[in-house]
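Peer 1: Order-wise, the sequence lines are chains Z and U.
With the numbering used here, letter number 115 in the first sequence gets 115, and the count goes up by one each step, no holes.
With the numbering used here, letter number 240 in the second sequence gets 721, and the count goes up by one each step, no holes.
Worth flagging that the hints you see were computed from the coordinates, not collected in a lab.
Keep in mind it's a predicted model, so treat the numbers as computed, not measured.
Watch out, some of these pointers could steer you wrong.
[Claimed, not checked] For the chain Z half of the interface with chain U, some residues (derived, Cβ under 8 Å), not all of them:
{"id": "1", "residue": "I288"}
{"id": "2", "residue": "L393"}
{"id": "3", "residue": "G408"}
Even for Gly, the Cβ is constructed at its ideal location relative to N, Cα and C.
Read off the chains here:
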Amino acid sequence: MLTLVLILIPLLVALVLLALRGGAVKRVALIASLAELALAVYVLASFQPDTTSQFSLSYHWIKSAGVQFAIGIDGISVLLVLLSTLLVPLIILSTFNHSYRNPSSFYALILFMQSALVGVFVAKDAFLFYFFFEAALIPIYFIAALWGGENRIKVTFKFFLYTIFGSLFMLLGLVYLYLQTPGTHSSLLTAFYGLNLSASQQGFLFWALFIGFAIKMPIFPFHTWQPDTYVESPTPATMLLAGIMLKMGTYGLIRIVLPIVPEGVQQWGLVAIVLAVIGIVYGSIIAIQQQDMKRLVAYSSFAHVGLMAAGIFSLTLDGLQGSLIQMLAHGINVVGLFFIVEIIFSRTQSRDLTQLGGITQNSPVLSVFFIIMVLGSVALPLTNGFIGEFLLLKGVFTYNTWLGIIAGTTIILGAVYMLRMVQKSMFGLQTTVTEQFTDLNLNEILVLAPLAVFVFWIGLFPNGFLKLTEPAVAELLRAMK
Amino acid sequence: MNLALLIPLLPFIGFLINGLGFRRIPKSLVGIIGTGAVVASFALVLSLFLNFSGEAQHIPVYDWITVGSLNISFSFQIDQLSLIMMLIITGIGSLIHLYSIGYMHHDEGFGKFFAFLNLFVFFMLLLVMGSNYLVMFIGWEGVGLCSYLLIGFWNQNPSYGYAARKAFVMNRIGDLGFLIGIFLILNQFESLEFASVFPAAAQLSVGDQGIFWITLCLFIGAMGKSAQIPLYTWLPDAMAGPTPVSALIHAATMVTAGIYMIVRSNVLYTLAPDTLHLVAWIALITALLAASIGLFQNDIKKVLAYSTVSQLGYMFLGLGVGAYTSGFFHVMTHAFFKALLFLGAGSVIHAMSNEQDIRYMGGLRKKLPITFLTFLLGTIAISGIPPFAGFFSKDEILAHVFEHSPLMWGLAVIGSMMTAFYMFRLLFLTFFGEFRGTHEQEHHLHESPFSMTLPLIVLAILSVLGGFLNVPAVLGGSAKLSAYLDPIFAYSKQVNPEAFAETHLDHSTEFMLMGVSVAGAVLAIVIAFVLYVSRKSVPAPDAEITGLPKLVYHKYYIDELYDSLFVKPIQALSRVFYNVTDRILIDRFGVEGLGNFVRGLSNEFRLLQTGTTSFYVFIMVMGIAAILMYSLRTLIFGN
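The shape of chain Z in the complex, shown without the other chains (with noise of 0.2 Å):
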């Protein structure tokens, strides 16, 4: 019951804020995403951890056709859940020093978004989750097209185009694998877990699930959306995707492609982690010349992903605990960064390394967060991002020796990146446009410092997240055995 509810909150406050107008809408949008928050708080200090799915519902929804409304929280989805609630009421409140034209749908928009995302993260059947899958594009889809840069309606067509183009493989092999379950059908996942697929049907049903979450997350080479949309959108709603969204794809990695077509993971995982590995180099080195800071940040979190997949794909304990905890990790860096290079920006006009410099000297504050969330990012020890990035090199380095040690030049070419990015816009002198610099106010502090928290908290002791997930993801390695 309490799942369906962090489906509803956001869903029906949604609604609401179509109906008002002027300053009251953020905070609304506000304080509905701080309940939601409240109530996954609560839900994960009641979660077991085991292998059970917990604050489950189900329904007959299309009863004919066997399809359900089968909702539920366990080991997988529990750290993703966290991450939707956790960032949205922060992305939300980052817009506060901004008015966007049309707040009633800008911020509706956002909500509907994490009703979907939420609904992507707890559905246990599998229309459901295409359903969810489908309706976190359309708000996204809008709040870039509405909101975005100059290039907006070319880029984030190509975008749609993408995703729905990667969507209906997807769509294909669900529909395949439902056909494929006995008496009436059933679309529940765990129906197609049980399924008794060839090593051929697992084969072609392995790429088309697989495409249709590597173009999401995304996986070297179609992620070629992926730097133009970011850049484009506008900076809630590219932490939506990086932030969020993007973990649909690795999640579905993890529900449905490992669990339901084993054998074609056997068949042609060495072709994905090699696909993940070379995204991880290919990223970090396009990153390292780039001169706008929020395509920089692109590339790096591109990158970032790779590994995660790479790990998925490493069929290890270590590989997979360090996706889920790199999930929430990179989604609290990422955000942290992509805020920062927009605070930037807003006092700027400038998000060109070429013409920036100097910020510390008038800004130190601001300056201690970006380094954090540099730190978070390349990963140093006690630091979110070297837990995640230590279980999936172990994990990856385990699978295959030279992949490991080719993935763990991201810990080099990383630092080469962010440092510089670092160097040219806080250090340096001072240039026209960064002469008149304020530091943080009130609201941008508020925003970053939980950001800053989690950041040390996975990192000192990650053992709190790390322990929820565990049984569940020992118990799919066993499964897949």
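Go by the hints and put chain U onto chain Z.
Peer 2: Here is chain U on its own, set in the frame of chain Z:
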């Protein structure tokens, strides 16, 4: 709570107070808090040292990362090795904090400086106190961060920022090696705790393949942190940081972390003679290369920086020939005299209004008597003149190298002659002869305040007497340090007793070796004296340096080589990936190509929509027929 936990915690609290209160806390209080935290920590270390039972003490704090059977705890280990390191870190750390109160007094980033320095001490203590490789790794990367922050401390200067990033990135290359070493250890021993890994390793036999790779990867980590070929070029550039930083981080403590790591892992290295062999040769080449560069440098800090790289080479050389204690002994004496020399250089730079080029100094001994005298003692110590500290530690290394290979010994002696030469060249050019700077500088010349000269005096005493901690038997000593550290090497002795057998050298040979190296050093000093005091020659201006000296003066163009081998190609690759692969190959040909293909297809199919009803009916009938045929295919065609 265990009092030992306070040792790293106090500097951390100092960091928080000075960091959060930056610009609000008055400078005098900042200095007291920052220095007080480290001094208090030193007092605790001292009491721990004096009350140490001889048994390694394991202090668990909490379980840090638990996944499946992997359980990495956050815990400390107090034993002989970590105690000595802690004494060095907090002891010399205290002196350098005290010195910084005077040295950084006019800097507006005073509070930030002390915060970073405290944070460094915290991470450095974690590095040596950790009871497993991952806690060591926390400290390892943490000191790298502090080094980055402090090299780029004057962040408005882009070239300092570049030096800081270079240091961090080169260290990260080494860190990847370390991390892979950690994975290999986990795969082989299923634990990272020293107390589990080392006894298990002691069951293996010398030459074990797995151990070879582990030790090799760990050594790559050491190359980065301790500036050995090929990852040494960051250290000379790191001199961009304030001078106390160079003394503490880039001479006395952080850069010796690699030696600490190998001494800590001594049983693994004893099992891998091939790695040791590699360590010895890389160390020797580094020592010679860096010393030769030092011969021609004119920046007072650059000379000391290359000297540090070279001396680190001597420490690794000791480890490489299996003489762990000697290498570690040199860490200790080097910490004394090199910290002294850097702080002395800082005192000179302070007096010279930030001038660092020794061509514009000269005759400073009259104006800076304490600095001169202490600097002289440090110079004698590093040159290996008995009975100063450097003599004992270097001599011990050389004796072991001779046993290992007389050729290497010969090369090492040449290196130590170069050391004596460039150090006395530096001393003579700075403190002797006529003053060569501007009038303004001359007018401003002054001895440093007491807070700066006191550390110089203390370190000078240590540089003179430090060697007596480990006087070898041949000189009638009892090798106290070796005896104290003995338990650390118990497993090494177990796996390869021969490597630890008493020296084969008879006393007359040992005296001969000592005589040769001391005579060499004295000869080098005399040459330096003739050149720079008697003949009063001054190194040529940059533009007039030609030929071989030019090659050496420009550090053999190694930086330029790395730039064109690695930096430039990666930058070019970055542009190709972005502009060609991403924008054109994947996006235009791949994605848009697919779009165009679909559009082309739809153009073809569009033609089918003729608008003629009869055509549609025809198609429909054909379709139904096809479906029927398909459904009835078994009936018509049989199975």
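Peer 1: For each hint, tell me whether it holds in the structure or not.
Peer 2: Hint-by-hint comparison with the structure:
1. I288: At 5 Å from the nearest chain U Cβ, Z/I288 passes the 8 Å test, so the hint holds.
2. L393: holds, 7 Å
3. G408: Interface hint status for Z/G408: holds (5 Å vs cutoff 8 Å).
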